[in-house]
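Whenever a hint applies, use it, and build me the whole structure from the sequences.
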Amino acid sequence: MTEAEVTNIVIAGLGGQGVVKASDILSQAAFAASLDVKKSEIHGMSQRGGSVSSDVRFGEKVLSPMIPRGSADFLVVMEETQVTPNIHHLKTGGVLITPEHIPYILESENEEEAKRLQRTLNVAMIGVLSCYIDQIRTEHWLAAIENNVPPTYFELNRKIFLLAQAVEQVMARVASAAHKNGGMSIPVRS
Amino acid sequence: MAELAPQLLSGNEAIALASLDAGVTLGVGYPGTPSTEILENLSRIGGPAQWAPNEKVALEVGIGVAYAGGRALVTMKHVGINVAADPLFTVAYTGVSGALVLISADDPGMHSSQNEQDNRRYAVAAGVPMIEPSDSQEAYDFMREAFELSELFNITVLFRLTTRVCHSKSIVRSRPKAPAVPKYERDVKGRVMIPGYARPAHKRMREKLKQIADSKLMDRLTSEYGDPKSRKGIITSGVTFQHVIESSPDARILKLGLTYPLPLERVRDFVNSVDSCLVIEEGDPCLEEAFKLVDIPVLGKPEEFRFGELTVDRVQQIISGDYREAPPTPPGKPPKLCARCPHRVAFSILSRLDCIVAGDIGCYTLGVMAPFEAMDTCVCMGASIGVGLGLRHALPEEEARRVVSVIGDSTFAHTGVNGLVDMAYNPPSTGHLVLILDNETTAMTGTQEHPGTGRKLDHSPTRRMDFEAVCKAVGVDQVHTLDPTEDVQAYEKLIKDSLDSGELVVIIARKPCILTERRIAKAQAEAEAAECLAEQPND
Ligand SMILES: Cc1ncc(C[n+]2csc(CCOP(=O)(O)OP(=O)(O)O)c2C)c(N)n1
Numbered sequence: 139m140t141e142a143e144v145t146n147i148v149i150a151g152l153g154g155q156g157v158v159k160a161s162d163i164l165s166q167a168a169f170a171a172s173l174d175v176k177k178s179e180i181h182g183m184s185q186r187g188g189s190v191s192s193d194v195r196f197g198e199k200v201l202s203p204m205i206p207r208g209s210a211d212f213l214v215v216m217e218e219t220q221v222t223p224n225i226h227h228l229k230t231g232g233v234l235i236t237p238e239h240i241p242y243i244l245e246s247e248n249e250e251e252a253k254r255l256q257r258t259l260n261v262a263m264i265g266v267l268s269c270y271i272d273q274i275r276t277e278h279w280l281a282a283i284e285n286n287v288p289p290t291y292f293e294l295n296r297k298i299f300l301l302a303q304a305v306e307q308v309m310a311r312v313a314s315a316a317h318k319n320g321g322m323s324i325p326v327r328s
Numbered sequence: 003m004a005e006l007a008p009q010l011l012s013g014n015e016a017i018a019l020a021s022l023d024a025g026v027t028l029g030v031g032y033p034g035t036p037s038t039e040i041l042e043n044l045s046r047i048g049g050p051a052q053w054a055p056n057e058k059v060a061l062e063v064g065i066g067v068a069y070a071g072g073r074a075l076v077t078m079k080h081v082g083i084n085v086a087a088d089p090l091f092t093v094a095y096t097g098v099s100g101a102l103v104l105i106s107a108d109d110p111g112m113h114s115s116q117n118e119q120d121n122r123r124y125a126v127a128a129g130v131p132m133i134e135p136s137d138s139q140e141a142y143d144f145m146r147e148a149f150e151l152s153e154l155f156n157i158t159v160l161f162r163l164t165t166r167v168c169h170s171k172s173i174v175r176s177r178p179k180a181p182a183v184p185k186y187e188r189d190v191k192g193r194v195m196i197p198g199y200a201r202p203a204h205k206r207m208r209e210k211l212k213q214i215a216d217s218k219l220m221d222r223l224t225s226e227y228g229d230p231k232s233r234k235g236i237i238t239s240g241v242t243f244q245h246v247i248e249s250s251p252d253a254r255i256l257k258l259g260l261t262y263p264l265p266l267e268r269v270r271d272f273v274n275s276v277d278s279c280l281v282i283e284e285g286d287p288c289l290e291e292a293f294k295l296v297d298i299p300v301l302g303k304p305e306e307f308r309f310g311e312l313t314v315d316r317v318q319q320i321i322s323g324d325y326r327e328a329p330p331t332p333p334g335k336p337p338k339l340c341a342r343c344p345h346r347v348a349f350s351i352l353s354r355l356d357c358i359v360a361g362d363i364g365c366y367t368l369g370v371m372a373p374f375e376a377m378d379t380c381v382c383m384g385a386s387i388g389v390g391l392g393l394r395h396a397l398p399e400e401e402a403r404r405v406v407s408v409i410g411d412s413t414f415a416h417t418g419v420n421g422l423v424d425m426a427y428n429p430p431s432t433g434h435l436v437l438i439l440d441n442e443t444t445a446m447t448g449t450q451e452h453p454g455t456g457r458k459l460d461h462s463p464t465r466r467m468d469f470e471a472v473c474k475a476v477g478v479d480q481v482h483t484l485d486p487t488e489d490v491q492a493y494e495k496l497i498k499d500s501l502d503s504g505e506l507v508v509i510i511a512r513k514p515c516i517l518t519e520r521r522i523a524k525a526q527a528e529a530e531a532a533e534c535l536a537e538q539p540n541d
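Line by line, the protein sequences give chains A and B.
Counting with our numbering, you get residues 139 to 328 for the letters of the first sequence.
Counting with our numbering, you get residues 3 to 541 for the letters of the second sequence.
Result set (SDA-like, lysine to any residue): computed pairs, CA atoms no more than 20 Å apart in a straight line:
#1 B:K524 <-> A:P288
#2 B:K212 <-> B:A127
#3 A:K229 <-> B:D315
#4 A:K253 <-> B:R520
#5 B:K335 <-> A:T222
Simulated restraints, written as ranges between beta carbons of each label pair:
#6 B:A525 <-> A:E277: 32 to 40 Å
#7 A:P289 <-> B:E530: 20 to 28 Å
#8 A:K199 <-> B:I47: 27 to 35 Å
#9 B:E327 <-> A:L301: 43 to 51 Å
#10 B:K474 <-> A:E284: 49 to 57 Å
#11 A:R311 <-> B:D252: 42 to 50 Å
#12 B:S322 <-> A:P289: 47 to 55 Å
#13 B:A396 <-> A:E218: 44 to 52 Å
#14 B:R465 <-> A:Q273: 51 to 59 Å
#15 B:P251 <-> A:R311: 34 to 42 Å
#16 B:A525 <-> A:E284: 25 to 33 Å
#17 A:E284 <-> B:E530: 27 to 35 Å
#18 B:D252 <-> A:L301: 41 to 49 Å
#19 A:Q273 <-> B:I47: 24 to 32 Å
None of these hints come from the bench; they were simulated from the model.
By construction, the Cβ of each residue, glycine as well, lies at the ideal position given by its N, Cα and C atoms.
Take a look at the structure:
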């Protein structure tokens, strides 16, 4: 029951961005990976465009459903303005994940297509996060995504998830190589 | 007992599943965060669930089901119990033949409520047992216990959830289904509460509570955790237990699942076996007061921890005695009316006309925010009409003429009608104007149906409450219906003229909520397709 065995993740954004859906995917994937899981969020006003955040905790045994202040290992923020109101969740040395991590992949010159892609932002962010979670295998992630998006959108979400995952892996490798050479900052901030 | 495959469920989902597995005859309630998803889920998994127009009716229907020998689940948010308090206090006397479990979903910290009342007080005041789970597994297990307790002792059980139990997900293992429901039995002396029958009924109720305090159930719902050798004791209940065990695994922890009646002797033994014992509870100091009343020497929390939710951090503060407040966090973005929300028009007009707005509860309460700032009062559901009338009665004429009551459609069906009856019965000398913002749904709590939508909980069609006819029937002089987005100038003129007319006027501004557009369009297409098929000749 030591704290160290629990992974704490806060997902934050604005109503309508799919924060709760992202935390459902994350918690179901962790559950499928045979971990103990708890997640907690505030419903209600989320559809009215206000700030939304969700706490997900998993490990061998999870107690409180809420993440203590300053002890999130990861803070996933879907919108730049929501970094400031949520940064206090992150522990020192924790990883902040923002849409900056996935440049270009949700963009398109076609307006309709761009809108469609924007709606997968939450799954893209989960894709980035997945690079850091060793306990959960890709099959668990994909099963959880399938469970949470309409069947006609699954293929698109699957692609976006895998693409975001690949981009993050490359970026992290580039960053760590650059770091070894003493240049360039790491895109993973704390 | 055989266990079924585990599932990841919210507290509300676990309650729905437990009710289904307990053989619930009917689930009935009124929407209210954080309770709403219980009945929605019950319906989704194939259980019988329906919305009542308000919490009082919901409880009364539940009482009837339980008098008939059935098993009733009644759900509402904490303030709903205020509305249902009248039947609650007397069904506590009559008891039930089947089972009656009443859910009170409390909202410490007021994430989406107008107050943070602690409904543990209701169990004591009404004289009904209260059960409190600390996570989804307990929500499931204790709910099964609640149905059994209710049926065994023929008593109403109050089941208290809090936001963090309702809306947190954790792993649940369910159990096999309960056996079928017993039959109806007539019991006039037990059910008809004239004073002569009510006096012995009150004594029977107190006797039952005593028996429950001594029952085996008490042992099943009371558990000890932590280090059995520790000299530091903590007594707690509900989700607070989870925060306590996380922040203080080395203490001895007594968790109470039944918080009324209390296992006082067990608590006394526990307190005597440690050097000092702290009671850590969210909200009012209910447990602390109950223990101190019978001279059990416990320590409580400082007054400032009565406000808001407890968390691991705040529990740590209570334990360590370091009460310094954490640095404030920058505010997030507040909610606001949707960009295309039809309610917006009304508040622009009321703001321009400088009205005194007796408001009500719903999405439209956001009319209080900039840029509108067009709301002067908001007390409880349905209050807009009564408060508006009171303002009209008391204010000098010039000001009285600026008063308007603004109410939503679900709220009108809930308890607004009562105020309207008074408006016709005791009309203010300046008349009055009621604006019903009818978006044909209960938007605030997630777009639930209500009697005025003509659709049931599962969105299937039923009779529709005719607001216009109701207004006329109670004696309102003028009833107008309009689409608020169609002709804003005409809308504004009608409001302006009505405020000042000296008559009783109701304006029904009807335009569906943008959040339900797609669902309604889909249902309509399906209905039309079905009609088409039905019209096809058989051969
Ligand atoms: C007694 C009580 N029950 C339930 C609630 C939760 N609640 C708040 S507003 C509301 C109804 C809102 O519906 P409506 O009046 O149609 O307005 P809308 O949100 O659609 O604009 C409900 C159910 C409450 N605050 N008080």
